[in-house]
Structures are given as C-alpha cells and as structure tokens.
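Undergrad: All chains should be modelled from the sequences, with the hints used to inform the complete structure.
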Amino acid sequence: MSTPARRLRELLAAPPIIRSLGVYDAFSARIVEAAGCEMLFLGGFGVAASRLGLPDLGLLTLTEMTDAVRAVSRAVRVPVVADGDTGHGDLLNVERTVREFESAGAAGMLLEDQQFPKRCGHFEGKQLIPTEEMVLKLRAALDARTDPDFVLIARTDARAIEGFEGAVERARQYAAAGADLCFVEAPTSREEIERLPRSVGHPLLVNMLTGGRTPIFSAEELEQLGYRITVCPVAPLLASGAVLRRLATELLSAGRVDHLADKMMTFDEVKQLLGVPELLGLRERLERRR
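Following the working numbering, the numbering of the sequence shown begins with 5 at its first residue and continues without gaps.
Note that these hints are calculated values from the structure, not bench results.
It is possible that part of the hints are untrue.
Unchecked claim - Cβ-Cβ distance ranges computed for the label pairs, FRET-style:
| no. | residue 1 | residue 2 | range |
| --- | --- | --- | --- |
| 1 | 131 | 263 | 48 to 58 Å |
| 2 | 224 | 140 | 35 to 45 Å |
| 3 | 134 | 68 | 20 to 30 Å |
| 4 | 120 | 57 | 53 to 63 Å |
| 5 | 230 | 265 | 13 to 23 Å |
| 6 | 289 | 19 | 18 to 28 Å |
| 7 | 289 | 245 | 31 to 41 Å |
By construction, the Cβ of each residue, glycine as well, lies at the ideal position given by its N, Cα and C atoms.
TA: Structural data, given as structure tokens:
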C-alpha cells in the first residue's frame, strides 16, 4: 500500500520540480489540491496567522501544529510536508515532533537550526544553535521515524547571520548527517539562488516568498538550476487576506458584496469541493444495499 511518504519519495525521484503552495488549513488545502498541486506545504507562518491571529515568532505549540497537520492530512490525498520549526525544544522534543507529525499523516517535515523561540526566516533578530547541535537534532529525527520513507528536510537560517558560505557549509553538514533535502532560507540575490545547488551538492527546497528578501524565479528556472521543490509559502494567505479585506470594505461602503462574485468561488463550487453530494447521499447508498 502506497503511503503519502512513499508518494512524496516517488515525486522526488521523478524529473519535474515539485511545485507547492503553503496552505494554512484544511479548506485551503482542498482548494490547492483540487487545482492540481501534487504536494502541499503546511507552514508555521500560515497556521499561526490563521489559527492564532499571531505572527510566526515561536508562539505555535507542537499540539496546535499537530492538530493542523492532522486536519490537513485527512482532508487531502496528496503528500503534506509540515513545518517542524526547531523541533519544539531539545532532542527529546525533536523525537516527539517527528512521531506526532507522522501519526498525524504528514509525509515529511522541516527542521531548522534557529534557537527557540524561532522567527520567520524573513524577520530580523534570528539566532542559531551550533552546527553540531543541529546535526544531533537531525540524527534524533531520523532515528525517530517509524516510516523510513518519511522525508526530513533540514533548514538553515545561517544566511542572515553567517553569510552565504556559512549557510552552504551548514547545509553540507546537514546533508552528510542524513537529511533528505536541505533548505537554505532567505538568500538575497539571484547569484546566490543560482549558486546554491552547485555549492551544496544535495537536493534542495527553495522558498519563493512574495514580498520577502529572496528574488523570485519561475519554477522552470529553478528546475534548470537543480532545485527539487519550490514553495510559495504565504501566497495563499496573502491572497485570501486581500479578498476578505475587499469584501469587508465593500460591505461597509456599498452594503452588499454580490457584485464581487467574479472574485469568489461559487457556492456550488464550495459544496462540490467539500463533498456535499457524496456525504448527503450516504443514506441512499446504504438503503440500496438492502
């Protein structure tokens, strides 16, 4: 039986770059899956914003994130990679994070080398743990897997603190420790984006954060450079925020919002997406079996 983690391994083994959006709840996950994305990324920024109304500053607990992983994984069939932040503590916490995410249905997890409390990778004031400590965290995460296909992605935020070469060296050591992919957060120039795959020499995930510090490349360009996964981590959150703000403004000024229907899904589309016909047909299907 194919598991989500096995499916993610299959996608990683195939030539095309994996294109993913950063979903933040089960509903956004269903929309993105229905549009055709083969992998979903569940980021801490979006979950903290949607669940708590707070920024990505280490405020989201393991329990809250695991609940989000479970809800999203149950809502879709495609693999979900979840943001494990710092592992929510020390080595024992890292082990628990892996086990909780696995049992909640995630196909893989990001683990980063920031000190707790962490910050969004495009915020100021980040601090790092020593490389040796992150290597121990990666070993703990790898040992904690019950499914050998569960994908571990090592993230380093060293670019902002130790420079480009320091980030590359950390990524190399994390790859040597057994990470399936590496992720160098927030490179600041096109040259750095172009150099990273050659410099690290290991499969890479890259963030294309709208409004962030990293120059935006197309998926085709990133594939040619050698990246394996490209994620637009906050675009769905930004898009939904813009539409909701417009709706609220129009309601307060015009007293109605139906004239913006072309900016919205139809009610019938939402019902189809949520499986309303199938769910309401349960009684009829059961009665036909008499």
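Undergrad: Looking back at the numbered hints, which does the structure fail to meet, lowest number first?
TA: 4, 5 and 6
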